[in-house]
Amino acid sequence: MRHRQKKEMIAMLLAGGQGSRLGVLTNDVAKPAVPFGGKYRIIDFPLSNCVNSGIDTIGVLTQYRPLELNAYIGSGQPWDLDRLYGGAFILPPYQSFQGGEWYKGTANAIYQNLEFIDMYSPEYVLILSGDHVYKMNYNQMLDYHKGKNASCTLAVIQVPWEETDRFGVMNTDEEMRVYEFQEKPKEAKSNLASMGVYIFTWEKLKHYLIQDELNKESANDFGKNLIPDMLVNDEPLFAYEFKGYWKDVGTIQALWESNMDVLDPLIPLELDDPPWRIYTRSSNLPPQFVAEHATISNSSIADGCFIDGTIENSILFPGVTVEMGAVVSNSILMPNVTVEKDAIVEYAIIARGAQIGQSSQIGQWKRVEKEGMHRDISVVGEDITVAARSVVPAGTVVSADIEEVSV
Amino acid sequence: MRHRQKKEMIAMLLAGGQGSRLGVLTNDVAKPAVPFGGKYRIIDFPLSNCVNSGIDTIGVLTQYRPLELNAYIGSGQPWDLDRLYGGAFILPPYQSFQGGEWYKGTANAIYQNLEFIDMYSPEYVLILSGDHVYKMNYNQMLDYHKGKNASCTLAVIQVPWEETDRFGVMNTDEEMRVYEFQEKPKEAKSNLASMGVYIFTWEKLKHYLIQDELNKESANDFGKNLIPDMLVNDEPLFAYEFKGYWKDVGTIQALWESNMDVLDPLIPLELDDPPWRIYTRSSNLPPQFVAEHATISNSSIADGCFIDGTIENSILFPGVTVEMGAVVSNSILMPNVTVEKDAIVEYAIIARGAQIGQSSQIGQWKRVEKEGMHRDISVVGEDITVAARSVVPAGTVVSADIEEVSV
Amino acid sequence: MNVLGIIFSYAEQDSLRELTRHRTLASLPMAGRYRMIDFPLSNFVNDGITDVSVIALKNFHSLMDHLGAGREWDLIRKRGGLRVLPPFSMTESDRDKLYRGSIDALAGNMHSIRRTLAEYVIMTGSNIIYSMDFKTLLEQHIESGADITAVYTKDLNGHPTVPSGAMILHFNEEGRFQELYVNKENINQPGTAWSTGVFVIKKSLLETLVADAMALGKYHFHEDILRRLSKVLNIRGYEYKGFLLEVSNVTGYMQANMNFLSSGFREAAFQRPIYTKSKDSVPARYFDGCKVSNSIISDGCRIEGTVENSLISRGVRIGKGAVVRNSVVMQNTEIMRGVHLDHVILDKDVIVRENRRLTGHITYPVVIEKGSII
Amino acid sequence: MNVLGIIFSYAEQDSLRELTRHRTLASLPMAGRYRMIDFPLSNFVNDGITDVSVIALKNFHSLMDHLGAGREWDLIRKRGGLRVLPPFSMTESDRDKLYRGSIDALAGNMHSIRRTLAEYVIMTGSNIIYSMDFKTLLEQHIESGADITAVYTKDLNGHPTVPSGAMILHFNEEGRFQELYVNKENINQPGTAWSTGVFVIKKSLLETLVADAMALGKYHFHEDILRRLSKVLNIRGYEYKGFLLEVSNVTGYMQANMNFLSSGFREAAFQRPIYTKSKDSVPARYFDGCKVSNSIISDGCRIEGTVENSLISRGVRIGKGAVVRNSVVMQNTEIMRGVHLDHVILDKDVIVRENRRLTGHITYPVVIEKGSII
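Residue numbers (the working numbering), protein chains in the order written: chain X, 1 to 407; chain R, 1001 to 1407; chain S, 2001 to 2374; chain A, 3001 to 3374.
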C-alpha cells in the first residue's frame, strides 16, 4: 500500500539492560538513558553513529522501564530519525496469535522482531548495544563486511592483555577470519575484544536465529550461542579492528572515568566534531550564567546552569546551580542538581535533581597516605536531598535522603 | 530538564483487542488497525476525534501484535500528533524493577501506565477504545463533566430496547446521575448504553485504580470492577448522551454494514467534513484511473485503483484493480485487491492483497425465495489467492488459497 | 548521495498564459493530484538526494504552500532537507532586479549553496517531467572525468518536434561538447540531441564558474558557461533514454496531461513513487448515473455526470448531466448540472454555472483562470 | 486558542546600523542564544496560539534559516503552524515596491490571512521583548466589546524615556481610545501610555478595515486605522505591566542585552520557555586560567580568557589573555589571544586577531559587521 523502500542495512539496538552495576543511577531508567558527557545520554552515541553512517532505520529493543527511553527518543527528531520510511522504533515484547513472551536473550529479542526487520527487506543487519561510548563509522565496517564476503563481521578492539578475562576475545588468522571465540578466557590467545557491534548478512542471521530458537537448551544469546553455532558451521566470520575511543560505561568507576575523558585533550573522544556530531534531545533552557564569585577551570558546563562557586575538572549537565562558596571538583553533576552555599563535592556523581545542602561535604576523604592514590567515587541518587552540614565519605552511595542532624 | 507543560486532559486508548470475532481480518493486525471506509482504519476515528477536540497527547495501550499499529502510527504526523510535548505513544507492557506482567484487564492496563499519565499531570483523563466508528467532540463532554462536577462521566447512546442485552446499560436519575450500571441486562431499566468513552477526574481515577489493583479478586476491568466500585462509594458519576452515529464494528456483519453506511446519504456519518476531518496515513499512490469499459454507480473509490469493470454500491480501498467484465457489488475491497476478468464479487469483504481469479464467483447465492432476505457476507482473507472459476458461496470465510480445479 | 539538488522553480520565459499568472511554473498542477515540481523533487528523493534547494523568483506563495516544510517528500531534516530560496538582496536598489539569467540566480543564492556539505550539484528545471537515474548519471560524470555533464535526449517523446527554445547540443566523436544553438526551426529529425536542462557539476567548480561569469556580466548557463567555455572545460553529454514531457506552452501542458491517460506512460511515470502534498480528502464518490471512462479521477471528487478522456484534480464536483471531455480540471472546481466542456483547462476554484458550454481545440484549449465564475 | 498570531519581522525604520544590513530585525541575535523573534513567537506558543504568520519584507534569508520548518517552536502542523510570508506580487511592476506601511503589508498577505480558520488576530512587532498573557488579553478584548484592543504600557522599563518614535496613546475616562501622537520629545514622565504595537482584532474586521484603507490609499495602522477611525470604532486599551525591552537603535540593543545580566530580569524573561533553533553544539568548555564573571555564556563556547559583564553567543572562542568587557559577541566569532574589547558589539563570524584593542562607549558601542576580520 505504501511504497516501501528497501533498506540496505538497518540497525537493531539492544537497549534492554537494567545495568544493575550502575545501582541507584538506573533505578528509574534503563542504562542507555543514563546521562553522559555534559548533555548526552549513552544511547546518543550508537544513534548518532548510525545517522552519521547513513543508517536511518533503527529498532530499539527494550523491556525494562521503556517509558523514559520511549519519551526520550520520541519521534526521533533530534537525531534526524523522524523519517517517513524508517526512523527509530521502540520495540517491546508483544503478544501474537500464539501468545507472547518476554525477551529471553539478546538473540531471542531479535528473533521476536523478525517481522519488523523483514518489513525493510535489508541485506544486512547491524546489531548494537546501548552500553558503550564511542564514535564509529558503521558504513566503513559494512564495506569491510562486503569485501570479506562475510556472514558476520564483529567489531573488535585491542584491550590490555591483563584485562582480556573481562571480554569476549576473538582469535583470528592473518586474514582476520575468526576461528575461535573465547568468552572471558583465563588464558587469552589474543587481545582483540568484541565490542558488541556485529554486522550480519540478514539471510544468514535469520537462518541462525530460527535454528537457535528451535534449540530448547540455548540461552538465546549472541555471544554464548549464535556466534559459536556459526563457527561450528564454518561460516565466514571476520573481525574488524576499530581503532579509537571505546568504553563500556557499565560501572560507576567506568562512568566517572569516561566522563572525565571528555575533559582530557589527550584522549581521542572529541565531542565537538561537526562532521561526526553527537546528537541529543536538547533541554531548551536559557544560556548559562556565570555570576560574580565564580571560578572555573577545566570544566564543561551546559545550558541553564547558574554558577557562583568554584568548579574544577568537572562536568555540569543542564540546569545545575552551584552557589557562592561551594566547591565542585572532579565530579559529574547531572541535570538540575543544586549545590548550596559552601558545600564541597569531590570525586562524585550526583544524579538528576539531587540537592546538596549548605556546607555539606560529598566525597569527604582523609588525605592520609601518598597523593594520587585511588579515590572511590561517591554517588548521590536521583532527587535525593542531602541536608546541610552532612558529611558523606568517599565511595558512599546515597540512595535515601539524609536528614538534618539536630545539634 | 525539559520544560514539561501540564496538559488539561490526555487520552488513553485501549487498542489491545484482538477482535477475534473479526476472524481472518485480525490474524495479522490488532482490531483498531482494520481498514474502514475506503481509506481509513478504525483507530483513525478516536485519534481524529482527539485531535479535533484539541487533545494532543494520547497513549495507545496495546500488547497484541503492535508492530503494524506501531508502524501505522509512527511519529503521529498524519494526525498532527508529532508534537514536541505530547503526541501519540504506543504503550506496551514493560518490566520494572519488580518484574513485569502483561495487561490483565482494561483497568490494569491504565494502572501499569500511571507513570506515563503523571508525566503530563493532567486534571482529566479520557479513556477510549479502538473498536468504534463515530465522530465526537470530547471537549464538549469535558465541559459537561466539569459542569456536573463529576468524578467520572460516561458517554452513552440510546440503543433499541430489544438490543439492550448486548450492552452495559446506565440507569440514571433525571439529572443524568448514574445510580446503577447493568452489564448486559436481561431486563433493562434504560436504553442508554455505555459507548466505552469515559472522562475521569485523574485524581479520582488514580485512587480507584490503586484500590482495584490491591483487590486480588478483581478482573481489573473498567465495566466490571472500577465503575461499580465508584458507584458503591457514591462517587458522582454522570451519563453524557451522545446523539450521532456510533457503531461497534466488532463483527463481520457490523463491519460490512457500517462500511455501507458511508454510502448512504441518509446516515449521519459524513466523512467529507472539513471542520471535523478524519485523518489517516495516506498511501501516496497515483490517482485512480477509470478505463474504457468501466461502469460505476454509488461507490467510493480510492487512489491508485484501476477500474475497467462494473462497480455498484461498493467501497474500494487504495490500489484495487477490477478488470474488464468483472462485477463488484455491495462489497468492500481492501487495499491492493485484484479482481480479475469476468469475476463476480457480491456481498463480500475482500482483505488486503487478495487475488480473485478470472471468472470466479465470491458470495454466490441462489436467489431462491423472496427478494431482500438476509444475505450472509463472505470474507476472503489477506493475501489469499482464489483460483480462476472458483465458486465461493455466500457467507463463506476463505482463509487459505483456493487452488485451481483441474477440469 | 553526496549531492545537492537544485531546482529552478520558474521558467525564464513561458507561454502558459493565465496558468502562470498567479503561480510559478513549479506549482502548476499536473496529472490530477500533482504539481510540476513533484516530478523532479521526487526523482531526487528516490535517488537518495535529500539536500535540495529550490530557487524561487516570484509568485512563489503557491509553491511554498505546496511544499510546506517538505514533510511529504521526507525532507524535513536537520542535515540537508528542503530549502526554498527566495530572491535576496543586500540593498534596496538591487532588490528591484529580477535575475538576469540562471547564473545570476545561482550567484544570488551562493551564500546558501556554499554552506551545504555536498560535493556535487545536480541542477534541473521544473518544466520537465521525467524519471532519471541520478545515481548512474553521477557515476558516469565521475568516471568520465567531465567538468560538467549535460543531460540530453534524442527522443522526441511524443512532441512533434524538438520543443522550440530548447538547446540543441553538439558533441565531437570523443563525446566532448562542442557547440549549442537554440532550436528555432522546429527540428523533428530523429537523433538530434537536445538539452534537458539537467546538469551535473562539482560544487566547487560551480562556485568558481558562477563567480567568474558574474564578474564578466555573463548570466546564462547554456550560452555563457557551456558554449563560452567549451574549449576550456571538459563538458560531456549523458543521454537520457526514458520518457520526458516538456511544458512551456498551453498546448504542451494539455498534451503532457493527456499523456497520463495512456497506461504505458502511467506505468513508467509511477514506477517509482511521486510524492505530493497530502490533502486528507475522502476517496472519490461516484453517484448513480455517472459515466466515467478513460480518465484520471482524484480523491475528494464527487461525480454525478459524464467524464471522458479527462484529468480531474482533487475535490472537483461534476453535476448531473454535465459532460466533461478532453479536459483538465484543477482542484476544487465546481461544474454544475448540464455543463458541456470539450478541450478546456479549468484552473482551481472555478465555478461553471448550469448548462454553460465551453469548447476549445486540441491546438488551442480554452483556459479559464483561477477563481473565475463562468 | 482561536487566534492567528501575526508577527511583523521588520521595523519600518530602525537605527541599528550594520546590525540589520544583512538581516531583518526579527533575526537579530539577542541574549546569547536567541533571536529577537524567539520572544514574541514563544509567547504565542506558550499561550497555545499555534497558527502564526510572519510577514517578511527583505533580507529574510537569515530569518528563514533560523525558523526552518518551525520544529523547535512545535509549529510544524497540518492545521495552522508557522508560515513565513514573503512579499507577493501579481505583476512584475508591482513587485518592485516595498510595503508602504503595515496596512499595505497586511493587504499583501490577505490571501493567506483570510484562509486561516481563526476568529481573532493578535499582531505584534519583533522589536520588543516581553512576556504577555495573551489569554487574558483576548478575554478582556471579548468582554470589553472592543473592536480593537491596543496594548500599551506606562512603564519605562529601564528606558530613560519613552522610546523615540513610539506612539503615545490617549484614552478617555471610559477607556476609549481618543488620539495618538508620535513621541518625538523624549517624554520621561511616568504614567504616559505608549503603544507596544500589540493589537487584538477580529479577523473579519481586520479584513474589512485593511481593504477600506487600501482603497483610500492609507497604509499606516496607527495613523490610518486607530486615529482615523477613533470615533467610529470602539478602540480600547489594555495595560501591559510586565517587563518590556524595545530595540530600535544600537544603544537600545546593547541595553536590552545588558538587561539579561540582571538575575531578576532573567527570572522574569525565562519564567516561561523561550524556544530557539537547536544547534547540537557541545556544552561550553572552560579552560585553566579563564576568568568569567557576571556573564552569559552559550553552548559551544571555548573560553580561555577573561569575560566580564558580557553576553557570549554560541560557538565563540576567546583566547588566552583576551579580555572581553561590557560587550555582546555573536555566534562563531573568534577572539584571539591578548585581545582587549570594551563596549563592543561583534557580529557573527568575526575574527579579531591577536592583541587588537577595541573600545566603545555605553552610549555609542563599537559595532563590527558580520564576517569582518579585525
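Warning: the hint list may mix true and false statements.
[Claimed, not checked] A few chain S residues that face chain A, going by a derived Cβ cut-off under 8 Å, partial list only:
| hint | residue |
| --- | --- |
| 1 | Ile2076 |
| 2 | Gly2080 |
| 3 | Pro2086 |
Simulated from the structure, these hints should not be mistaken for lab results.
Glycine is no exception: its CB is placed at the ideal position from the N, C-alpha and C atoms.
- Message: Please list, smallest to largest, the hint numbers that this structure does not respect.
- Response: Per hint list: single violation, 2.
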